[in-house]
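Top to bottom, those sequences are chains A and B. Using UniProt numbering, the first residue of the first sequence is number 1, and each one after it goes up by one. Using UniProt numbering, the first residue of the second sequence is number 1, and each one after it goes up by one.
To be clear, the hints were calculated from the coordinates, so they are not data collected in a lab. Note that the Cβ used here is the ideal one computed from N, Cα and C, for glycine as well. Careful: at least some of the hints might be erroneous.
[Said to hold, decoys possible] For lysine-lysine, the following BS3-like pairs were computed, each having C-alpha atoms within a straight-line distance of at most 25 Å:
1) K76/B - K54/B
2) K76/B - K95/A
3) K76/B - K91/A
[Claimed, not checked] Over 12 Å on every C-beta distance to chain B, these chain A residues come out as not near it, computed from the model:
4) Y4
5) G16
6) S145
7) G214
8) G216
9) T223
10) E282
11) T285
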Amino acid sequence: MTQYIQDPALWGLIVGTPLAATVIYQGRKTTARLRKQKDELESRHTELQNNFTDAVDDARLRAEEATKSALKSAMRTLQGLANEQQLAISKVQDKYGDQHILEDLLEIDHMNSQFGRRAQSVAVLCDGWLGRQRAVASVYDVARSAKGRIRHYTRVEVRSQSNFAIISRAVEPVALVLAELLDNATSYSAPETTVEINIRSVPKGVCVIVDDAGVGMNEEEKTRAARLLSGEHPVGVTELGNPPQFGFAVIGVLAARYGFSVSVDSSSPYGGVRAVVLLPQELLTSMPEQENSPASEEPAAEAPREQPATTAGGLPKRRRRGQMAIVPQARTERGTVAARSSEETASIMGAFQRGTQSGRSADSSRTEPSREGHEVQ
Amino acid sequence: MTTSEEHEPEFDALVRPYVITNGRGFSDSDRFDLVTLVTAAPDQQRKAHLGPEKRELVELCEGGYLSVAEIAGHMKLPIGIIKVLLTDLAEDGYILTRAPIPPAQLADIQVLQEVLDGLQARFG
């Protein structure tokens, strides 16, 4: 035992053990402290990183907003000009409708429609408005209106007519959406192929189906399209790419804003893309009077009564369409006629009436309007 | 230009004229002029297949004869467009046309002069 006591190794052991324990303890403590510091640093780093991302997002958002508001007001001016120009073109078309210049006027009209559509599309992406008030219109007419807004409109065939009409608020957005779909369809299919529009009534509403005979889309494109069309991830003006691809982004925004849905994930029987616009019942209505007749018969009959019921020549104004015929036929009770008769028409026709009536005998002023023309025979 | 017009439409037509005729702007056929009279053909079973404008036009003409100018006024479309529609409809047998009513013959000025001379010789 004593030889052990004198053994320096034992003493070394006795002294060394607590020393080692202390060193180990100290080491552990340091490690823990370092670990804590590291955690702290890490959390601060994340915090900073988040702040930085937020700041960048914020700046981007602000830049986006600024771009949007600038573009929006610029587009509003352009939209206004396009509308004004369209009215002017309409007037000139009516004025020179009988001459060869009409063909050129129609071409200008077509270009102006495309111009107006582009301005509208950009405005939509900038949270702007479509800026056109429309009356209730049949789905068929809305489809044709869309057709008129793209370059290769003669390739588009609207196949089926339907009795459904779209409420006035949704006419312009649906027309714009269809125009963008048609633009895609005609752009991505061969020039000699046609693009078909079919209108089908389904339990949930009405489907407008656009089929093209193009090359279709691959899975990646379909995924991108579906993301844009859902309208859940609004696309900024700065993310449209170069050259900018508006179509799906515009459609997504409008569909979300007005509550209808658009899908392009099926393929058409002709091998291309089949785009389906599903209009829910809330956006549908029936035509006011008869399909495709914007004015009902009653205002037509009343319009002349509100004004003095005679023309400048002292002759009674024609009241009903049935009576407007120069040579009336036997059947007079037919009531389904649907002229676009209105106060305007009555006044427009006034000039013509004065012309024809002044050519007839003075006695005709006392005859019924329905009989005028008889004495000419 | 826009201020002086009395019949300013509130908004432009939804379906533009070139869409209605699918790009055909001017019909070269001289079958129709402003005063050509048009009426609907008697039997109209297939009318449902026509486009809205053509159907409206045929229905407009069902009441009797209307001139091309009158039709254009009612339909609020340029006359050239109406002529294209009418040409199509006439080809398909939906409408019938009649030449304009000839203006009354003016009496020969020489005869009138002779009558006047005779009257003056007798009573003057």
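- Among all the numbered hints in the text so far, which are the ones the structure does not match? Hint check: 6 fails alone, others pass.
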